[in-house]
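Engineer: Listed below, chain by chain, are the residues.
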Amino acid sequence: MADVPKPEELAKIDHTPPETPWMETPTVFKDGMWCYGAKPQNLEAVGMPNPREWSPKDEDWKLPDDWKEIVLDGMKDRLGRFRSFKLFMDICVRCGACADKCHYFIGSGDPKNMPVLRAELLRSVYRKNFTLGGKLFKKVAGARDLTMDVFKEWWYYFFQCSECRRCSVFCPYGIDTAEITMMGRELINLLGCNIDWIQAPVANCYRTGNHLGIQPHAYVSMIEFFCDEIEDVTGVRVNPTFNRKGAEILFITPSGDVFADPGTYTAMGYLMLFHYLESMGLDITWSTYASEGGNFGFFTSHEMAKRLNAKMYAEAKRLGVKWILGGECGHMWRVVHQYMDTFNGPPDFLEEPVSPITGTKFEHAKSTKMVHICEFTADLIRHNKLKLDPSRNDNLVVTYHDSCNPSRGMGFFEEPRYIIKNVCNNFYEMPSNTIREETFCCGSGAGLNAGENLELRMRGGFPRANAVKHVHEKHGVNMLACICAIDRAALPTLMDYWVPDVEVTGVHELVGNALILDGEKKRTTDLRGEPLPGMEDIEDEDL
Amino acid sequence: MTLRDILIKRRDSLVKKWFELILETYPEDSRDFFRKQKNQFANPLGYNLKEGISGLFEAIVEHGCDREKAAPYLDQILRIRAVQEFSPSVALSFVLDFKKIVRNELPGEPDEILAEDLERFDRDMDEMALHAFDIYMKCRERIFELRVNELRNLMFGALERANLVSFPGEEKQVKENKI
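Protein sequences appear in the order of chains U and P.
In terms of my numbering, the first sequence has 327 at position 327, counting the first letter as 1, and numbering is strictly consecutive.
All you need for my numbering is the position in the second sequence, starting with 1, plus 1000.
Be aware that one or more of the hints could be misleading.
Under the rule of at most 25 Å between Cα atoms (straight-line distance), these lysine-lysine pairs were calculated in the DSS-like manner [what the hints assert, rightly or not]:
1. Lys-139(U) x Lys-112(U)
2. Lys-1100(P) x Lys-469(U)
3. Lys-1138(P) x Lys-469(U)
4. Lys-1038(P) x Lys-112(U)
5. Lys-317(U) x Lys-86(U)
6. Lys-1069(P) x Lys-112(U)
7. Lys-39(U) x Lys-57(U)
8. Lys-1016(P) x Lys-1100(P)
9. Lys-1069(P) x Lys-474(U)
10. Lys-1017(P) x Lys-1100(P)
Honestly, the hints are just simulated from the structure, not real lab data.
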């Protein structure tokens, strides 16, 4: 039930916000901006502290009596363990280079969404408790006590950062504000105050291997559903294998590709590609245990990220594969690229990945033993191993959204574009300050793609949508390609709100459409069941 | 000289003041960025507000409060403000603020010429505010729809793909689950 303002409240007409300094401006929890709190069973499932029924809107968050000590001890511990955290607390000179680079700030104008100020929320407490200047000069030195209001302010704003790292690209000191958010969230989690949209996937992933809690038989059913769909479109039956010991390659992709449109069409693209390559020597299996590439533990704590990530190597070892191929995911690749090798590696039981089709050695994956499917496919195209008919995608005018984590987390810019240009005839880039390392976030990353915070997501995704709108109006772009499952889940809603004529696709859906399979029937529709260019009449007759 | 002539003559100043007044609904620390960053992709909010205000001025002043012409510009501004911090009254306040701006521009102009024009202008602006409210509500309703659609698509899509549901008229039979 909405809060209905009283007449006397309505009569107070003032359109200007308070002009108090940030420390004195109270944080008001606004509906549409925050996510529901973690449910007790989802905290208990992974042994996290303080499981209880609670709501962030409640006055009492039901924290333990010594909550302040727990947080400050946690901060002290992390300042000692993570040199980067200590540096990032100390070296910021508040130059403001990052201030206007955050999509949440650009879309809202809320100063506490400026990365520098979001970090100050934490720094101010750091100064007060861990620096002499802060202890002596208090507020003058930008220091403040940790109070319940401050803790709630942390919660409100650290769950308004998608850890996209756009701001860090512009920081002259190289401060990674995403890591400050990570530390903030770790401290919040010491008191059991995660959001449920993160905590539920964590608990599900720990128990069943994927975010939605899909059990093995349902996972297989879903993929068989795709096989039926592919057969309907192409006349060719693809036969993936699951949990097959002795396969050469293990394929791991975000479960979003399996259970959420339009990622499902991307999954069909993978299946078709693997079928195509089977006769050329590809020996690959899916896993119903490592059925999730994504890792919401990464949005919780380093320890939780490590625990959930462990299943990838564990399953690779159990099945006895040589290396791992990974699907189109965002933060999965940041974890793989920057953390997995030291979390759970090095995996000496695996081999340096080599493409069984082209013989290409993926030397960059020598340590992690995991290759991105776009690297794999781009290599196939480069060696003329794929028969493609890009005209099947001629009804699409495509632009490419660099998903934050692959682009800024691993410098992954060219391979997806190379693939798109080979499977589509109409491709246009968005403006240069909105792509590649300067790409704008979808507004829903780092576990923020819930339903209850839709206003936050829409304003956070506004800078991205604004650039899409530009190429839509200028070039007629009607399809936004990306390589991240959260993007594929979040961008359709973003487009529906800001640029309704643009749809969203994964890169391998486009590959699936263009790929000419041996023995296929004359295709009349794409993987979505929409008529191919020039086939509109045939489709009508069928109907 | 009619009110329309006066306003058209002072177009640049009026549009600038209107833009400034709408900026005042944002926190002081943020206004400079929205005002000064000229790149439309680095500063989509400032750009769209400015474009929207400018277009709205044309629709109101040059086209006699043409609601159809005003609609896309109102949408350009309100689609943004509908997902920002504002209460509905503050989100929409900029429309009626134009009356205030116009009145502040007028001292020195002969009253007798303007009286009738001003009365009509006030009435038109009230109508425009109501029209803006319709557009704002459409944006808010769209948000509610999208929220429901996301949940519905996720749940029904997953059930369908897991082969756990069967709908009347569908040929597909529930298959035996295989591992």
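Engineer: Now tell me, hint by hint, if it's right for this structure.
Structural biologist: Comparing the hints with the structure gives:
| no. | hint | result |
| --- | --- | --- |
| 1 | Lys-139(U) x Lys-112(U) | 18 Å, holds |
| 2 | Lys-1100(P) x Lys-469(U) | 33 Å, violated |
| 3 | Lys-1138(P) x Lys-469(U) | 20 Å, holds |
| 4 | Lys-1038(P) x Lys-112(U) | 22 Å, holds |
| 5 | Lys-317(U) x Lys-86(U) | 37 Å, violated |
| 6 | Lys-1069(P) x Lys-112(U) | 37 Å, violated |
| 7 | Lys-39(U) x Lys-57(U) | 14 Å, holds |
| 8 | Lys-1016(P) x Lys-1100(P) | 14 Å, holds |
| 9 | Lys-1069(P) x Lys-474(U) | 21 Å, holds |
| 10 | Lys-1017(P) x Lys-1100(P) | 10 Å, holds |
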